[in-house]
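Asks: Sequence:
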Amino acid sequence: MPKYLLLSDSPFLATGFRNQALLLAEHLVNEGNEVFWLAPNYCGMPIKNAVLPDGRQLNFTVLPGGAHAHAMDVLQQRIMEVKPDIFFCLLDTFMLFPHIVNMALPIPTTQWWPFKSSMWYPSDGGFFPNQCEMVLKKFDYPVAMSKWGRDQAKAQFGLHVDYIPHGIRLQDFYSFSTEKKQAVRMQFSNKIGKDLRNHFIVGMVGRNQPRKFMDRALKAFSLFAQGKEDVSLELPTDPHDPNTPNTP
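Counting from 431, one number per residue, gives the positions in the sequence shown under this note's numbering.
Calculated from the structure, these hints are not laboratory results.
Worth double-checking, as some hints may not be accurate.
Here are the simulated lysine-lysine pairs, DSS-like style, with alpha carbons at most 30 Å apart [what the hints assert, rightly or not]:
#, residue 1, residue 2
1, Lys-611, Lys-649
2, Lys-546, Lys-478
3, Lys-433, Lys-568
4, Lys-546, Lys-433
5, Lys-478, Lys-433
6, Lys-568, Lys-546
7, Lys-621, Lys-642
8, Lys-611, Lys-658
9, Lys-624, Lys-610
10, Lys-584, Lys-568
11, Lys-567, Lys-577
12, Lys-567, Lys-546
13, Lys-577, Lys-621
14, Lys-621, Lys-611
15, Lys-642, Lys-567
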């Protein structure tokens, strides 16, 4: 049975990386692979077959991520413990820099035989994080989430990377009836003490951290909302996110 060690946001966090990594982990398990998930921001004992509040079962083993924000302090140790056939990472390149650049990947064969590695990475725009192309070069198979990221790596660094777009669970998306929409609006109206049934609602999905530029979204919406009493901005974020700065 092929064995995977997956590094991404913890499966217990509500982030985009987690959502994509969970789809991948579930697919790998369904294909008969054994999966271990190295989970930053998770502390405690390894846990197997955990069940989420929505009933979704994690049919793999979740490993604690250590003190570093992206588990760089325990990565080599977890590789030694799991002895994976494939090490797969789904994170931003800058999250691993410079730690993984200076790390022995694969671990020397005197300790453990070489394994294959892959990184599924994003590009945030016109520039690539300084020196982070060195992170991509550490992996056997860098994979871009977008055609832009693929072409950028080729144009700027001469790197050949594959392109695999993100996916969704189709069963999670469907049209609401007018009655269902009003019921959901009433649910949130009761929660915040404001009637949203006839409001024009703008939704923004993003993790509550500085690089998502929530401040710009708020400023842009404030310009749009000037002189209007029937518009609302909804931000479904986690106020207790461990990566949210403790600032006013």
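Asks: For each hint, tell me whether it holds in the structure or not.
Replies: Do the hints match the structure? See the list:
no. : hint               : verdict
1   : Lys-611 to Lys-649 : 27 Å, holds
2   : Lys-546 to Lys-478 : 24 Å, holds
3   : Lys-433 to Lys-568 : 20 Å, holds
4   : Lys-546 to Lys-433 : 11 Å, holds
5   : Lys-478 to Lys-433 : 15 Å, holds
6   : Lys-568 to Lys-546 : 11 Å, holds
7   : Lys-621 to Lys-642 : 25 Å, holds
8   : Lys-611 to Lys-658 : 22 Å, holds
9   : Lys-624 to Lys-610 : 18 Å, holds
10  : Lys-584 to Lys-568 : 16 Å, holds
11  : Lys-567 to Lys-577 : 18 Å, holds
12  : Lys-567 to Lys-546 : 13 Å, holds
13  : Lys-577 to Lys-621 : 41 Å, violated
14  : Lys-621 to Lys-611 : 16 Å, holds
15  : Lys-642 to Lys-567 : 26 Å, holds
Checked against the numbered hints above, the structure violates only hint 13.
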